[in-house]
Amino acid sequence: MTKWLEENTPKLVLAPSFVIVLIFVYGFIAWTAWVSLTRSRLLPKYEIEGFIQYDRLFASPRWDTAFSNLFVFGFLFIVIAMILGLILAILLDQNIRTEGAIRTIYLYPMALSMIVTGTAWKWILNPGLGLEATVRGWGFENFTFDWLVNPDMAIYTIVIAAIWQSSGFVMALFLAGLRSVDQEIIKAAQVDGIPTWRVYTAIIIPSMAPIFLSAFIVLSHLAIKSFDLVIALTGGGPGYATDLPATYMYAMAFSRGDIGQAASSAMIMMMVVFAIVVPYLYSELRSKDD
Amino acid sequence: MTDMSYTSTRSGNSAGKIALRWGLYLMLGLFALFYLMPLFVMVTTSFKSLEEIRTGDLISLPREVTLDAWRTAWSGACTGIQCEGVRPFFWNSVQIAIPAVFISTLIGALNGYVVAQWRFKGANLFFALMLFGCFIPFQVVLLPMARMLGLMGLAGTIPGLIFVHVIYGLGFTTLFFRNYYVSIPSELTKAAKVDGAGFFRIFWSVFLPLSLPIIVVTVIWQFTQIWNDFLFGISFSQAGTQPVTVALNNIVNSTTGIKAYNVDMAAAIIAALPTLFVYVVAGKYFVRGLTAGSVKG
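Which chain is which? The protein sequence lines are V and C, in order.
Just so you know, we're using the working numbering here: the first sequence kicks off at 26 and counts up by one.
Just so you know, we're using the working numbering here: the second sequence kicks off at 55 and counts up by one.
Just so you know, the hints here were simulated from the structure itself, not pulled from any lab data.
One or more of the hints may lead you astray.
Once the Cα atoms are required to be at most 25 Å apart in a straight line, the calculated SDA-like pairs of lysine to any residue come out as [claimed, not checked]:
#1 Lys36/V to Phe156/C
#2 Lys212/V to Leu78/C
#3 Lys313/C to Thr159/V
#4 Lys28/V to Gly252/C
#5 Lys175/C to Leu160/C
#6 Lys36/V to Ala251/C
#7 Lys247/C to Leu30/V
#8 Lys70/V to Lys313/C
#9 Lys212/V to Tyr79/C
Produce the entire structure from the sequences given, and follow the hints as far as they go.
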């Protein structure tokens, strides 16, 4: 008995977590998938009816806005955060004496809650009293900056705040990447008289492809999960102009009492995440085994 | 002659270099301003009176520093019908974060130890299942979790939120410890086994003493995640058990009375202080957690 116990302790230690993951991750996903195929409204029903919820979802103008916002927001956020992060990393890579302090400044927003970030930017972008009033006070009487309350522009305020929050993190990733490039190759290139910008574009940046990939994965993951920032900054408004799938799902689940819509929108979110993450994780795990 | 021309081109060159250097520092400085500006605005606004705010200069220093907004934010601002400021919710967050961080770190350490050092058939499958669990958008578990918490009698309670944070934190804590322990030679475990040490004994006297750096990274990561969480907080709490992020959002978006921007800013800073403090004190470990959490299986 004790021998058996001794041999199986590792398995027994892992067992509770295994069960928990099976139930609370995979079981719950299965539950949501199941319910997304039913007529559930205020209460879940369990008779499968096919794809009616998905039909309703894609017929809904609100979901349409939320889903296309995800791509507008996601694209701008990822591209700009990556470019900015790369520029910052290259600037910081030039033997800057105060590098530590500057890095700390660029990265601190990452420690903040999205709700705090949203609150701060909501105040800065406040059309009546924020940036707009300040610039007008400098004498530019006609300056307008009303993106926060302009349905066509509000989504870009979320892009701005999200970039402010996350670009420092991209910088940290890229800086680590720049430092891991073989210094001998760079020295050799400099001895050959190749200009610095060519060293970057032809040698350093191409060798950082894996880092671009992981930055892309993290940022797209952040973009799809964006919920707090929208709630704090615009509340999804004006109207539902800045809804994202995450806020749509929450509204359906907890304020509209439409469980079927909540479940189907959550499933779509998961499919988007998995379409990006699964190939990445698969190749990561595969390359580990080789 | 040749000497002179040599020095002149050299000094011309270095003048160019100095200009370039200045440009570089200027750009770095401007970016620093971009990142610091919101924090600066938050701090100055929180010390201004409402009258001063209405004159509408975002970036001026307060003419008269007042602590009223801080006092209101801490103990008087309304979060819906309740008007007790963020104080009770701040303590809710503390009560949620501390046990959730402790439990998820402990279980993650044990899991990581097993997966990295006691390989058995199926351990890798377990790890892969956990890893995928790190990436799911939590929306996909919100509805069943709400029902489950109801069934368990934990709906709307602080233990319920601790439970949720522990469960969905396990993936990352296991990942952190597994990646750390995998780099420790397995000969160490084998030698300890030969000496007659059991599973827990080896963990306790061999691995735990080696684990301080990864414990710090994991604790910081988990604390930041849990303290800053909003989705679970708003979905699974009720009046009285909300974490500070939810309370902050309620203060900012409460529609009763006049908008007190200085109180909003003071409340936001209070909600941000714990994680900012951790970042300033242990930034190195914070960054390590971020990069470890983002890459590598």
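Of the numbered hints stated previously, which ones are contradicted by the structure, given in increasing order? Of the numbered hints given earlier, the structure breaks just one, which is hint 8.
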